[in-house]
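**Q** Residue strings, one per chain:
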Amino acid sequence: MAKTKKKVAKKVARRSSGASKDLTRIDPGPRMSDAIIHEGRVFLAGKVADRSKGRSVREQTAEVLEQIDATLKKAGTDKTRILTANIWLSDISTFSEMNAVWDAWVVPGRTPARATVEAKLAAPEYKVEIMVTAAL
Amino acid sequence: MAKTKKKVAKKVARRSSGASKDLTRIDPGPRMSDAIIHEGRVFLAGKVADRSKGRSVREQTAEVLEQIDATLKKAGTDKTRILTANIWLSDISTFSEMNAVWDAWVVPGRTPARATVEAKLAAPEYKVEIMVTAAL
Amino acid sequence: MAKTKKKVAKKVARRSSGASKDLTRIDPGPRMSDAIIHEGRVFLAGKVADRSKGRSVREQTAEVLEQIDATLKKAGTDKTRILTANIWLSDISTFSEMNAVWDAWVVPGRTPARATVEAKLAAPEYKVEIMVTAAL
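Chains as they are written, first to last, in my numbering: chain A, 107 to 242; chain B, 107 to 242; chain C, 107 to 242.
No lab work stands behind these hints: they were computed from the structure. Be aware that a few hints might be false.
It does not matter which identical chain is meant; a pair holds if it fits inside one copy or across any two.
[Stated by the list, open to error] No more than 30 Å apart at the CA atoms, straight line, and that leaves these computed lysine-lysine pairs for DSS-like:
(1) Lys-179 - Lys-159
(2) Lys-159 - Lys-226
(3) Lys-127 - Lys-226
(4) Lys-127 - Lys-159
Just so you know, these numbers come straight off a predicted model, no measurement behind them.
Same shape as in the complex, but just chain A (with noise of 0.2 Å):
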């Protein structure tokens, strides 16, 4: 009991302290982070297109796995560890030509849960977002 009780006042000290250090952010910003990891798990923001932004699907989509590629890395974890990917593409139509991409760059049979709809992203320009979620 009173080690229950030590540990409950630990954990608030921790948390009005804001240290939070239970949460591992990865390039926080004012506005999202670009990952936020917890308890064995690191979750990504949806990630778009930058220097290929307006391009072809095919060349968006290669650019956000690589950005997904490098922020798996920075956390400790890469794509064979992805639990869930959620893929909006602004025109449904592209769903073959993302697919290519995606499909030579996962790894066969280990790959994560999956669901892809259309949408309409943060600007024209964007063709592609996908967000994922990964085991550390």
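Keeping the supplied structure of chain A fixed, place chains B and C upon it in accordance with the hints.
**A** Same frame as chain A, now just chains B and C:
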């Protein structure tokens, strides 16, 4: 071995009794729960405006974030511990208007992973919906 | 200390061996897995209708929920332990039709956090897609 068997037996008993002691729901309804707590995390339902239904994105975003604050508080956590946020706007051209409210609400450097896309919501009066997951 | 080092070494060995003993996939495919289990939770892929493809939202929702039941069963859990559900309807005017099937399927008081929005799906024959995460 005996210990493991006992543990499994206990787990099965707990689950078949319907108690689900490891799951705590906030305002469980017949269709969905306002939130559900499981092992160190809370999962909130997608929130839409209630009293500001039909009004501006600015007003609806403010109300939705207020609702999220209230639910996070019930779960014993707060906005600095949000892991992921999914935002749907019925009109993506209101992206900046939503962000003005969002940016004033989040705590710089303690922001979550986020993705925002356009989608028609359950009723045309709803202009923004936000679904978050947070660490306890 | 020695114990910790051993633990780390073991973890690295496990991961570099490709075994990923902490990840269990259900029906892993070259593009995605039907579901993936990690530390007390199961993450399901977005499910669409198969045999009722092209038919009513009512029929497709019933089939999708049946598929979800089957996958949750394989993971050793059930619908009363769903944490989150994301539902996409290709036409949001079918919201009530989908809900009629959903409401009859969930167990009152044991419902998940949920969000439903409109989105075009991978093929026009698909009218509803549902992606869930559940506690084991």
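**Q** Just pull the numbers of the violated hints for me, sorted ascending.
**A** 3 and 4
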